Amino acid sequence: MRIYILIVSAVLLVLSNGVLVQAETSQFDGTWKVTLTCEPTATLLGYTYKFGADVKDGMLLGHYGEENKPNSLKITGQIEPDGSSMLQATGEVGNTAYAVKGSVTGRAYNYVIKAQFNGSQGTGSRMSTIRGGQRNCDVVFIKQ
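Residue numbers (this note's numbering): 5 to 148.
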């Protein structure tokens with residue numbers, strides 16, 4: 005009987021810990037409005053993308069444009085229970101006036117966004133450089 009009680013207690017403890025972790029991760033679940041703004045550089049035009057993203061079980065997925073087509077962007081990544089996140093941005097070049105010199109329409113690109121979520125909002129910044137220098141891009145997330 006004592007062993008049975010220990011086993012049941014252990015199972016309940018594991019289950020309750022799983023629920024706690026799920027609840028912490030899920031606080032960011034829902035629909036988000038995303039605004040990505042990239043400043044102009046000496047050789048590139050600036051731009052702003054506005055699009056939606058969904059978070060389920062702490063995993064963010066957002067799209068601008070039509071995936072795998074020119075002028076598209078996809079952002080994915082896990083939001084940690086403390087709100088920190090390293091998001092992956094991938095897409096295809098549209099108008100080359102906004103892209104690195106030598107780019108062609110349809111060329112794939114990618115970069116990392118370091119983000120921090122807090123309640124119903126979040127902010128992030130592009131972490132990687134582009135050929136020929138830095139491109140400052142900021143992201144704002146607002147939960148709907």
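Everything labelled a hint here was simulated from the structure, so no lab data went into it. These numbers were taken from a predicted model, which means no experiment stands behind them. Check the hints yourself; a few may be wrong.
Taking lysine-lysine and the DSS-like style, the derived pairs with C-alpha atoms no more than 27 Å apart in a straight line are [said to hold, decoys possible]:
no., residue 1, residue 2
1, K105, K147
2, K37, K54
3, K37, K105
Distance windows between CB atoms, simulated [what the hints assert, rightly or not]:
no., residue 1, residue 2, range
4, K37, A112, 37 to 47 Å
5, T47, Q82, 19 to 29 Å
6, Q82, I146, 13 to 23 Å
7, R111, Q31, 35 to 45 Å
8, K60, T100, 27 to 37 Å
9, P74, P44, 19 to 29 Å
10, G106, Q82, 10 to 20 Å
11, S30, T100, 37 to 47 Å
12, R111, G87, 18 to 28 Å
13, P74, S30, 31 to 41 Å
14, N114, P44, 34 to 44 Å
15, T100, N122, 13 to 23 Å
16, Q31, V108, 35 to 45 Å
Just so it is clear, CB atoms sit at the ideal spot from N, CA and C, and this is done for glycine as well.
Results of checking the hints against the structure:
| no. | hint | verdict |
| --- | --- | --- |
| 1 | K105 <-> K147 | violated, 36 Å |
| 2 | K37 <-> K54 | holds, 7 Å |
| 3 | K37 <-> K105 | violated, 30 Å |
| 4 | K37 <-> A112: 37 to 47 Å | violated, 26 Å |
| 5 | T47 <-> Q82: 19 to 29 Å | violated, 34 Å |
| 6 | Q82 <-> I146: 13 to 23 Å | holds, 20 Å |
| 7 | R111 <-> Q31: 35 to 45 Å | holds, 37 Å |
| 8 | K60 <-> T100: 27 to 37 Å | holds, 35 Å |
| 9 | P74 <-> P44: 19 to 29 Å | holds, 20 Å |
| 10 | G106 <-> Q82: 10 to 20 Å | violated, 33 Å |
| 11 | S30 <-> T100: 37 to 47 Å | holds, 41 Å |
| 12 | R111 <-> G87: 18 to 28 Å | violated, 33 Å |
| 13 | P74 <-> S30: 31 to 41 Å | holds, 35 Å |
| 14 | N114 <-> P44: 34 to 44 Å | violated, 21 Å |
| 15 | T100 <-> N122: 13 to 23 Å | violated, 37 Å |
| 16 | Q31 <-> V108: 35 to 45 Å | holds, 42 Å |
Violated hints, listed in ascending order, are 1, 3, 4, 5, 10, 12, 14 and 15; each of the other numbered hints is respected by the structure.
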